[in-house]
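Based on these hints, arrange chain B on the given structure of chain A.
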Amino acid sequence: MTHVTPHSEIDEATLDRVRKLLTMAERTDNTEEADAFSRKAAELIVRHRISDLALQQADPAELLIAEVPLGRGAYVRARYHLLAAVAEANGCIATFMTGERATVGHITGYRSDVDSVRILFTSLHQQMSARAASQRRSTGAATQRYRRSFMFGFAAEVAEMLQAAETDAVASHRDPESLVPMLLDREQRVREFAGQRLGRIVTARPAAPAVRDGVLAGRRAAADADIGRTRLPSRAAIGRGS
Amino acid sequence: MADRERAQVYAAENAAFEGTSIESIVDFADLTALAVRVTSNDWWPSPLPIVKQARNDASTSTTVWRVGQPPEVRITRPQQTRGTLVHELAHVLAGRNAGHGSMYRSAHLTVAESALGSEPAGWLGQAYRDFGLTIGPARWPRASGAIAL
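Residue numbers (our numbering), protein chains in the order written: chain A, 122 to 363; chain B, 554 to 702.
These are computed hints drawn from the structure, not numbers from a lab.
Among the hints, a few may not be true.
[Said to hold, decoys possible] On the chain A side, residues computed to face chain B include the following (Cβ under 7 Å):
1) 195
2) 219
3) 224
4) 262
5) 338
[Said to hold, decoys possible] Non-contacting residues of chain A with respect to chain B, defined by C-beta distances greater than 12 Å in every case (computed):
6) 172
7) 191
8) 197
9) 225
10) 251
11) 264
12) 265
13) 280
14) 285
15) 298
16) 307
17) 320
18) 321
19) 322
20) 341
For glycine and all other residues, C-beta sits at the position ideal for the given N, C-alpha and C.
Here chain A stands alone, though its shape is the one from the complex:
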C-alpha cells in the first residue's frame, strides 16, 4: 500500500492558498464568510486539476492509493458517500474495506488529485458533521437515523455540485474539445491502476434505507454551499454548522 506523503505535486502556492481558505471556512463563526472561503477553495482545486500544467504533468509514476480512516458506527457509509463524491469529481476512484475495528476508505488516483481529495474531504466532512450534529429528534434512535439520512443527502448534493463545477470549468477552458480526451485518458489510467493494485472490486451491500426528510434537509444544507459552481458566484457556500 502506498501512502500519501506531505509532498504534493500541486504547486505549493496553490495548495497553501486552498488550505488557508478551508481553515478560515472552518474557524469563522460567520456563515457567509465561511461560504465564500469554501467556494473559493473548491474553485481553486477544480481549476488546477484541469489546467494544462496539471494534465501535462500526469506521470503514471505518480499514481497511488491513499488510505482515509472512516471509523465505525452508524455514519460510516454516509462518510464514504461523501468521500466517493469528492473523489469522483477529482478523477479518483474511492473504495472501502471493512476491518475488525473500523472501515478504511481508499482513494486511487494521481498524487495531486489524491491530495486535493484529502484536503477537500477533510473540510467538508467537518462541516457535514457539525451541521448533522445540530439535528435532533425525539429519541436517540430517531436522531441517529435522521442525522445519517441528513449526511447521505449532504453527500449527494455535494456530488452533484462538484460535478457541475467541473463541467463549468471544462466548458470555460480555452480548448475544451482537446481537454475532454485528456481527462478520459487520465481516468482510464486510474481505473487500470486500481484494478492492478486492488484486485477485484465488488459492489457493497446497499446502505440501509434513509429517512426522506433527513435526506432532503442534508441536500438543502449542502445546496447552500454551492461548492465550486464557478459561474454562480452569488450563491452561498458550505459554512460551519450552527
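For chain B alone, kept in the frame of chain A given last:
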C-alpha cells in the same frame, strides 16, 4: 407486550458495530461454529438453540419459540453476520418475554463478549449508555472478565 426499546437497541448496535467486520456477511458454517462455541459455555442454559438459515422470502432474522421445542434462530442471507447471530442468541439467553428490555441487553453484552471479545462488547456497552439504556442484572456469569458498565 410492547417492545418499546427495540429501535433504541438497533440504533445502539449500529453505533457499536456498523463499519466493522462484525456486520460483514460470512459463510453460514462460520456462524454455526460460532453459535456452538457460545452455547458450549457452562453458563449457557438448556435446551440449546437450533441455528438455521431463514427461508429465502423471510425479510428479517428471528428467534422462534415453540412449546416443548428448543428455540430456533433463523438468519436471513442478507443478515448473515456475526452481529445478527449475537443479537438472536441474546434473545435465546434472555428468554422469550424479555423483548429488547434491560434483561435482554444484559444477555446481549454477555453473548457479545463470548462471541466477539471484550473490546466489541465494550463498544456495545458504551453505545447502550450513550442511548440512555439501562442494563439488567446479569443472571449469567460473564464469559470472561468483566464488562465495564
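Going down the list of hints, with the structure as the test:
1. Among the interface hints, the one on residue 195(A) holds; its C-beta lies about 4 Å from the nearest C-beta in chain B, closer than the 7 Å criterion.
2. Hint on residue 219(A) holds. Least Cβ distance to chain B is approximately 5 Å, under the 7 Å limit.
3. With a cut of 7 Å, the hint placing residue 224(A) at the interface with chain B holds, because the nearest CB-to-CB distance is about 4 Å.
4. The interface hint given for residue 262(A) holds, since its Cβ lies 4 Å from the closest Cβ of chain B, which is under the 7 Å cut-off.
5. Interface hint status for residue 338(A): violated, as the beta-carbon distance to the closest one in chain B is roughly 19 Å, over 7 Å.
6. Non-interface call for residue 172(A) relative to chain B: holds, since the shortest CB-CB distance, roughly 37 Å, exceeds 12 Å.
7. For residue 191(A), the shortest C-beta to C-beta distance to chain B comes to about 7 Å, within the 12 Å cut-off, and the non-interface label is violated.
8. Here residue 197(A) does not stay apart from chain B, with its beta-carbon only about 3 Å from theirs, under the 12 Å limit.
9. Residue placement check: residue 225(A) does not keep its beta carbon more than 12 Å from all beta carbons of chain B (closest about 10 Å).
10. At the 12 Å boundary, the C-beta of residue 251(A) stays outside the reach of chain B, the nearest C-beta of that chain being 19 Å off.
11. Separation of residue 264(A) from chain B is inadequate, the least Cβ-Cβ distance of about 9 Å not exceeding the 12 Å criterion.
12. A beta-carbon of chain B is positioned within 12 Å of the beta-carbon of residue 265(A); the least distance is around 5 Å.
13. At the 12 Å boundary, the C-beta of residue 280(A) stays outside the reach of chain B, the nearest C-beta of that chain being 21 Å off.
14. Residue 285(A), annotated as away from the interface, keeps every beta carbon of chain B farther than 12 Å; the closest lies near 30 Å.
15. Non-interface call for residue 298(A) relative to chain B: holds, since the shortest CB-CB distance, roughly 43 Å, exceeds 12 Å.
16. Against chain B, the non-interface label of residue 307(A) holds: every CB pair exceeds 12 Å, the least being about 31 Å.
17. Against chain B, the non-interface label of residue 320(A) holds: every CB pair exceeds 12 Å, the least being about 17 Å.
18. For residue 321(A), the requirement that its beta carbon stay farther than 12 Å from each beta carbon of chain B is met, with the minimum near 16 Å.
19. Every CB of chain B lies more than 12 Å from the CB of residue 322(A), the least distance being 16 Å, so the non-interface label holds.
20. Here residue 341(A) stays apart from chain B, with its beta-carbon at least about 24 Å from theirs, past the 12 Å limit.
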